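Here the protein sequences come in this chain order: V and R.
Using my numbering, you'd call the opening residue of the first sequence number 1 and step up by one each time.
Using my numbering, you'd call the opening residue of the second sequence number 1001 and step up by one each time.
Simulated from the structure, these hints should not be mistaken for laboratory data.
Be a bit skeptical, because a hint or two may be false.
[Stated by the list, open to error] Over 10 angstroms on every C-beta distance to chain V, these chain R residues come out as not near it, computed from the model:
#1 N1068
#2 A1137
#3 G1380
[To be verified] Under the rule of at most 30 angstroms between Cα atoms (straight-line distance), these lysine-lysine pairs were calculated in the DSBU-like manner:
#4 V/K86 / V/K186
#5 V/K8 / V/K85
#6 V/K83 / V/K99
#7 R/K1391 / V/K8
#8 V/K85 / V/K99
#9 R/K1201 / V/K8
#10 V/K8 / R/K1339
As the structure is a computational prediction, the values presented were derived from the model and not from experiment.
All C-beta atoms in this analysis are idealised placements derived from N, C-alpha and C, irrespective of residue type, glycine included.
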Amino acid sequence: MVGEGIIKGMAETARNFLGSYVSDERLTTVQYPEERDVLPEATRQFPFLVYDGNDPMAGLRCVACQICEKECPPKCICIEKSKDKKPDYVGKPQIYPAKFDIDLSVCMSCQICVEVCPFEAIKMDTEYELSTTDRFGGLLVDKHQLAKPNSHFHQIHPTDANEVDERLAAEKAKFEAKTKADAEAKAKAAAEARAKAASSQTPPVSA
Amino acid sequence: MSGLSETFDQIFVTLKHWLLGLLAPVLPESLLSLASVILSLIPIMAIFPGLFAITTVLERKGLGRIQNRYGPNRVGPFGFLQFAADGVKALIKEDLVPRAADKVIHFLAPVVLVIPVFLAYTVLPVGRNMVAVDMDAGVLFFFAVGAGTELAVFMAGWSSRNKYSLLGAMRAIAQMVSYEIPLILSTVTVIMMVGSLSTVKIIEAQSTYHGLLPDWFVFTPWGLAGFILFMISALAESNRSPFDLPEGESEIIAGYFIEYSGFKFALFFLAEYLGMFVISGLGITLFLGGWHAPLESLEVIPSYIWFFTKLIAIIFVLIWIRGTVPRLRMDQLMNFAWKFMLPLVLLNLITAAIWHFMAPGAARWVVSFSIVIGSYLLLGRALFNNQHLSKRTYRYAE
């Protein structure tokens, strides 16, 4: 029948009109900036550096291996190694980045730097309101601006952070167990050597 | 009807007579009749542009809700002062006139568009005893004056010296002229039934109540068909979606008023909406019983309230249609007018005649309804099946 489609269409628009007053599904507008959309947990925007503990520079997990710098597709990361070393989360002395710059205007949020980092040092942040009035250097962030605590990581990506923490704790436990076992083995070997030396030093009984 | 409701009903008439009484000792006879005319016109000039302002906001919010979004909601409470912002914007915008444009005609086109529309309001009875001029040939005057708007569209398109403007104007005129015929023929049935062209007498003929429904013409088979055909033609006459190809907002930007900015654009906009109101008002007068209430018991509510309620209801339906139906292409539009609406409206004349000459009873309802519905279905099916929609073949010059 001619006009049947129009009647059905009008029924649908009427449903839209009336539904927009009662249900969220028929009125999906989020009035930014007064309201903000709730983003899923896996949201990612730009990278940040994780540090453990209270001191950003001392607890920085990054060891300046430069893998992320090499893997970054648009080459937005710039790293310079330090001359001295500082202890990492298990206690081993590691070099640290003297300079760690990311140009956020170049970064394409591909997360490759996060995927290749062996030290769980760089993770994706969720901050997107980063507009600045400085056209030339406003979006070039350095090590101090990038360093954020592990608690921040827990807040934005709880599942990932818990998993990373478990893994790091397990590795730390393994490392400590290994050092302990090594130390024990060393101590035992030293005691045996000393016992042997002591027994070899007693004069032989003469016949 | 009781004294209090009658007082409210006639309050504006009484107000006008009182003001005339105040002026009578001061003015000579000729100026007094002029004063009477001006006093009748001031409410029209005040109320309908006010209704226009509210309608623009309601339309934007209504369309927004239909499209799952808010309409304007920043200016004023829930965005209802948006029209003030739009008005200020239109007034302070620079008035650009193209260098090659025909200056006099370019200037006069909005004026020539607005004046006939305001003239048409004079024969519209807004309430009991509330018509500006009670003409014997009111409906004829209405359509004669409405044709003046087509001239203005052409003036606008031609004088802008712009290809797209001219194209838009040509299409607009073709559309308006072809929809004049179903528009007028659908009113001819009402005029035949009533025997008069005066709007006041047409409303008088619908003033009785029988049984459940009032005696409005829309509750008869020919009246229902006539009302639907009239409203569709009215949409086309006022260049409103789905017939807004001439001013296609997303295609040729603004069609025939593309070269107009600022206040002149506002005048075009005003004329379009006022045209929509006046033609809906005529539809109410002819088919929906004018200012009468739907039930006899509700006659206590003043007549002008009923008129404006019906007008606002029709405006909502027009906004609803705008949000639903996609725009018709030019050829689809013309086919619809000439091949579908014209035969239906001619058959409607026959239906009305049969209704009039058969005795009142169930028989004439059956016959009339069967003609109306049968013709609609058969014609629809015939035209649909005759469409040759195939893959487009191209013939190149070899």
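Outcome of the hint check:
With a cut of 10 angstroms on Cβ distances, R/N1068 falls inside the contact zone with chain V, its closest approach being about 6 angstroms. Against chain V, the non-interface label of R/A1137 holds: every CB pair exceeds 10 angstroms, the least being about 34 angstroms. A Cβ of chain V approaches the Cβ of R/G1380 within 10 angstroms, the least distance being about 3 angstroms, so the stated non-interface status is violated. Distance hint between V/K86 and V/K186 is fulfilled; the C-alpha atoms sit about 26 angstroms from each other, no more than 30 angstroms.
Between V/K8 and V/K85 the CA atoms are separated by roughly 73 angstroms; this puts the pair beyond 30 angstroms, and the hint is violated. Straight-line distance between C-alpha atoms of V/K83 and V/K99 comes to about 12 angstroms, which keeps the hinted pair within the 30 angstroms bound. The hinted pair formed by R/K1391 and V/K8 meets the criterion: a straight-line CA distance of about 28 angstroms does not exceed 30 angstroms. Simply put, V/K85 and V/K99 have alpha-carbon atoms about 14 angstroms apart, close enough for the 30 angstroms limit, and the pair holds.
Between R/K1201 and V/K8, the direct Cα distance comes to roughly 38 angstroms. Violation of the 30 angstroms bound is thereby established for this hinted pair. Straight-line distance between C-alpha atoms of V/K8 and R/K1339 comes to about 24 angstroms, which keeps the hinted pair within the 30 angstroms bound.
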